[in-house]
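Given chain A, put chains B and C in place with the hints provided.
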Amino acid sequence: MTDAKTTPRQQRTTRRLGSFDRGEVLAALLFLGPALAALVMFRIVPAVSALVTSFKSSVVLVGVSSSFAGLDNYKTLLTSPEFWGSVKTTLLFVGIVVPVQTAAALALAVLLTQKIPLARVWRLFLFLPFSVPLGISPLIWGAALRPDGIVNAVLGAVGIGAQPFLTSPTQALPSIMLVVSWIGVGYWMVFLIAGLQDIPNTYLEAAAIDGANWWRRFFHVVLPLMRRPLAFVLVANTVANFILFAPVQALTGGGPRQSTNLIMFDTYQNAFIVGDRAAASAQVVILLIIMLSVVVLQFRLLSTEESG
Amino acid sequence: MRAAGFGLSLSAAGAFLAGCGGGQEGGGDGITFIAAEEPANFRPVIRGFEAANRGMTVSYNNYPFDQLNSVLQSRLQSEDTSFTCYAVDQPRVPAFAARGYLADLSDRVGDVEGQVLRTSYEASSYDGKLYSLPIWTSEQVLYYNTALLEKAGIEPPSTNPESRWTWEETFSAAKEAQGAGAKWGLVFSQVNRYYQLQPLPESLGGGPGLRGPDLLEPDITNDAWVEAFEWYRKTFSEGLSPRGIPPEQNAALFAAGDVAFYVGIPSDPTFEEAKKNGQIDWGVGAHPYFEGGEAVTPTDSWSWGINPFVEDQEAALAWLKYVALTKKGALQGAQLVPVMPAHSEAFREYLDQLQTQSTEPDGVADLLDHELENTAVHRPRSIGYVQFEEILNTAFDDISTGADVAKTLQRASGELRRDLEPLRSALEQQG
Amino acid sequence: MVGSGYKTGTLLFRGLLTVVAAAVALLFFLPFFWMVSSALRPGEEIFAFLSPLSPYSLIPKTLTLDNFAQLFGGRLGRNVFNSVLTTTLTVTLGLVICSTAAFALSVLRFPFRSAVFAAVVVSFMIPFDAIAIPLADTFRALGLQNTYAGLVLPAVGDGLAIFVLRQFFMGIPQEMKEAARVDGAGWWTIFWRIYAPLSKPALIGAGLLLFLGQWQAYLWPLLIVTDPSMQVAPVALAQFVGQYEFNFGPMFAGATIVSVIPAVILLSLQPYFVRSVSSQGLKE
Chain A
0 MTDAKTTPRQ QRTTRRLGSF DRGEVLAALL FLGPALAALV MFRIVPAVSA
50 LVTSFKSSVV LVGVSSSFAG LDNYKTLLTS PEFWGSVKTT LLFVGIVVPV
100 QTAAALALAV LLTQKIPLAR VWRLFLFLPF SVPLGISPLI WGAALRPDGI
150 VNAVLGAVGI GAQPFLTSPT QALPSIMLVV SWIGVGYWMV FLIAGLQDIP
200 NTYLEAAAID GANWWRRFFH VVLPLMRRPL AFVLVANTVA NFILFAPVQA
250 LTGGGPRQST NLIMFDTYQN AFIVGDRAAA SAQVVILLII MLSVVVLQFR
300 LLSTEESG
Chain B
0 MRAAGFGLSL SAAGAFLAGC GGGQEGGGDG ITFIAAEEPA NFRPVIRGFE
50 AANRGMTVSY NNYPFDQLNS VLQSRLQSED TSFTCYAVDQ PRVPAFAARG
100 YLADLSDRVG DVEGQVLRTS YEASSYDGKL YSLPIWTSEQ VLYYNTALLE
150 KAGIEPPSTN PESRWTWEET FSAAKEAQGA GAKWGLVFSQ VNRYYQLQPL
200 PESLGGGPGL RGPDLLEPDI TNDAWVEAFE WYRKTFSEGL SPRGIPPEQN
250 AALFAAGDVA FYVGIPSDPT FEEAKKNGQI DWGVGAHPYF EGGEAVTPTD
300 SWSWGINPFV EDQEAALAWL KYVALTKKGA LQGAQLVPVM PAHSEAFREY
350 LDQLQTQSTE PDGVADLLDH ELENTAVHRP RSIGYVQFEE ILNTAFDDIS
400 TGADVAKTLQ RASGELRRDL EPLRSALEQQ G
Chain C
0 MVGSGYKTGT LLFRGLLTVV AAAVALLFFL PFFWMVSSAL RPGEEIFAFL
50 SPLSPYSLIP KTLTLDNFAQ LFGGRLGRNV FNSVLTTTLT VTLGLVICST
100 AAFALSVLRF PFRSAVFAAV VVSFMIPFDA IAIPLADTFR ALGLQNTYAG
150 LVLPAVGDGL AIFVLRQFFM GIPQEMKEAA RVDGAGWWTI FWRIYAPLSK
200 PALIGAGLLL FLGQWQAYLW PLLIVTDPSM QVAPVALAQF VGQYEFNFGP
250 MFAGATIVSV IPAVILLSLQ PYFVRSVSSQ GLKE
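Residue numbers (numbering that gives the first Met the number 0), protein chains in the order written: chain A, 0 to 307; chain B, 0 to 430; chain C, 0 to 283.
Hints in this document: simulated from the structure, not taken from any laboratory. Check each hint, because a few of them may be wrong.
Label-pair distances were calculated between CB atoms; the ranges are [said to hold, decoys possible]:
#1 L15/C to A39/B: 50 to 60 Å
#2 I58/C to K114/A: 55 to 65 Å
#3 L57/C to L50/A: 23 to 33 Å
#4 S18/A to S424/B: 56 to 66 Å
#5 G413/B to T63/C: 44 to 54 Å
#6 G413/B to L57/C: 18 to 28 Å
#7 L77/A to K327/B: 38 to 48 Å
#8 A118/C to L296/A: 14 to 24 Å
#9 A118/C to V99/A: 40 to 50 Å
#10 D65/B to A106/A: 36 to 46 Å
#11 R416/B to S302/A: 45 to 55 Å
#12 S236/B to I58/C: 31 to 41 Å
#13 L268/C to L50/A: 36 to 46 Å
#14 D106/B to K60/C: 29 to 39 Å
Since we're looking at a predicted model, the values are computed, not measured. By construction, the Cβ of each residue, glycine as well, lies at the ideal position given by its N, Cα and C atoms.
Bound conformation, chain A alone (with noise of 0.2 Å):
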């Protein structure tokens, strides 16, 4: 990175590390430092710890300390059907709720960036349910999906018979997926606006003087220039679902018959209710292991299609 131009200051910065710049390498450690820190400290080394836990022994009693149990937990968890079931769960479950997920909020984001009235009120009522504690969303919605509840009784009055929701195995993972849009869709419109505000004017003014009708706009203009957002939301969306379990937990434990036992409500089970850590270890890492391959994927995809 030579300059034709070199002012002493300059003269002086330029010494090397192999093809690095000695002072840009030294500013990285600075600027990097407290993040990298964090990361390592707060993320990477508890993951070691647990990592190592999934090794030991699952059950801890007095008199019998936790030993080495070598592939113990990851043989037992691969051999078990329900894990399996918990598996092809997890995996329905993120396959449809991303993409629905995600092309809703970026049709609301779209929608709620036209020039309508009180869109900002629109906005903000699409971000409350986001902003509902966590712990409080699957009360309201328990109660609305009870078979007694607010929904059949809608249901009811537009002639649709009461339907089972949470308590059939059919409808109960549906209903979680229900939920969970509710919460999410408002969250992720938000950044997908973000990227829609980015759209400079002038290109969709030149789109539209060229003849292209709103359809090709949106398709040949806007999703282009929406890549990085959507890939963002994909992935980040991926990841949050993939880690999914406190509805689950409030309103179905699992069922009705292991049709809403995701991989992490059992590892939650696990490694809180029933107190076998070894066990909850061994599940996060093929847990991640999984969703690692899934992202992965997704960003081969995603930059296939960009330089596509």
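Just chains B and C now, with coordinates in the frame of chain A:
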């Protein structure tokens, strides 16, 4: 320069933050106590204790029941010393004791057996040692809505344990009441919870669900279990009981006058209120049993134990002894909570008070006395109780939503067997 | 705005959009409205009007401020204060730490930069609930239990926030940095005087992430705080429901208060989402 100053202010902030804050250390004359009751409910007993023990203070923190066990579990496993004593759900005493979460109180509290109810003493012990002091006990009775029964022309059940109804009789009476206009026929307060449903298979001789020398072998697929839960399943499939309502919201149903029969704790404050307000008139009958079987009722409640990782346990011990072993403390502890004190004399007084209460029908006190002595069963004293309860509650949920009983119990049995396996082998290691 | 640059033509179309927007927004609002109206009802009535459908399903039959009154006597004020304090600290510290890190990762060149960035991305995928227990053990050992530091520290290094900020910084043209270097500016100056002011939207976005993450924190405060006066609002709310009596009134009242704060903040931040600098040419 700039960066350095910035770094300095960061570390200053850090130091400030680290110093700031509450901070509680267990031990000494300060007692830190954790349980599931709202703080207001313990104010009388805490005041009473502090008055009787100058210099000692009780700092109380509460968590909702589900969270309480998780929090305790997690903290004790980490050998946390920020609390000195806590309330332990009696069926969990074996599990906690075996994991070293409870201090052995055997020779430190004098004669407990003579002062508390027999069932409560049993429930606070494990492996021959006393690991906690019993505070409360519980029972269940059959409530009925007077008006709904009258409308259907049903003769109400009585509090005489000799003439208690069978579950089959209750079922048909419930159906009749619904025929005459009751919205729901029969509701269990703790729907789909093992505590509430244990009496069903036990009444038919099916056992508690665990067997073997250490109660670590599942036994939930025998005929009695299947039969009992086929009956239970019918209460939902035939519309006697609503599906999908969480236990906490069930009392409201009965108080609103929508339910003919309700199985719940005696002297439920919501119902007392509702009766006094004229909202509903109700009576009480003895807990039913299965035709040809035994009369069985659920029991057990809370004991209080000491965190073994705390060095100085004397103050905590004094607190426990005050509430468990003095009549005054026991009565104060049960004053604002709808439970029955485990202290024998306090229990007597509780029963006497119950007799005189206008809202309670005659004979309730005698009934409770009888049940505790004769029909109450503990939940299995197994170190695998937590897993057991979790898996069973899920199975009950499924049965209530219509799943096939035998299949559900089979699956649960398999899962339970797998989950209890590590405990079985650990016990073998322990020798 | 996306919509303003072209003629949507008829008033009818705009009217239609308004109706759709309003309908969707109101649907989303209903459950929240139910919660607030439950907070204004006596406890027994909260679940009494769910079905059949009546005006009272949503509107309280008996209006009462009792639930809110009950809160005043209690600890909730202190809990809300704790929430506000920890969130403010998290956002301030977090923004500084995350933006400086993002700057390094997008602007500065140093060995293993991509590896470090990969580590950052992986770190935010580690479910916090999975590491909460070992982390809590460590914090306890360090004496950070029941301290504000204990509550704040795990939240300041947020991989997602770093990611967002880095994306944004990468969009700022290199020429600005290079020009400043030529003028002899130090890296800190470049960061503080050039990148930071240009990044308001990203900073607000990252700030929002940090804020919401800390405001909604449940498991961590549950583990790390044993002293009720140090507890944060969402956790404290759950403690309103006792074991034998289930009065959801005060809980919903508390939830209403706790929900309003993030909503107000978002409302006031909305204008700042518009970029302050001409966007021409800033997108690559």
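Consistency of the hints with the structure:
The hinted window of 50 to 60 Å between L15/C and A39/B holds, with their beta carbons roughly 54 Å apart. Roughly 33 Å separates the CB atoms of I58/C and K114/A, a value that falls outside the hinted 55 to 65 Å. At about 50 Å, the CB distance of L57/C to L50/A disagrees with the hint of 23 to 33 Å. For S18/A paired with S424/B, a C-beta distance near 58 Å keeps the hint of 56 to 66 Å intact.
Separation of G413/B from T63/C is about 51 Å and conforms to the stated range, judged on CB atoms against 44 to 54 Å. A beta carbon spacing of about 46 Å between G413/B and L57/C contradicts the range 18 to 28 Å that was offered as a hint. One distance hint, 38 to 48 Å for the beta-carbon pair L77/A and K327/B, is violated here, with the actual separation near 57 Å. For A118/C and L296/A, the Cβ-Cβ distance of about 20 Å falls inside the hinted range of 14 to 24 Å, so the restraint holds.
Under the hint 40 to 50 Å, the C-beta atoms of A118/C and V99/A, about 31 Å apart, miss the expected range. As the Cβ distance of D65/B to A106/A is approximately 37 Å, the hint placing it in 36 to 46 Å holds. In this structure, R416/B and S302/A meet the distance hint of 45 to 55 Å, their C-beta atoms being roughly 48 Å apart. Separation of S236/B from I58/C is about 36 Å and conforms to the stated range, judged on CB atoms against 31 to 41 Å.
The beta-carbon spacing between L268/C and L50/A, approximately 39 Å, falls within the hinted interval of 36 to 46 Å. Distance hint for D106/B and K60/C: a CB-CB separation of about 59 Å, inconsistent with the stated range 29 to 39 Å.
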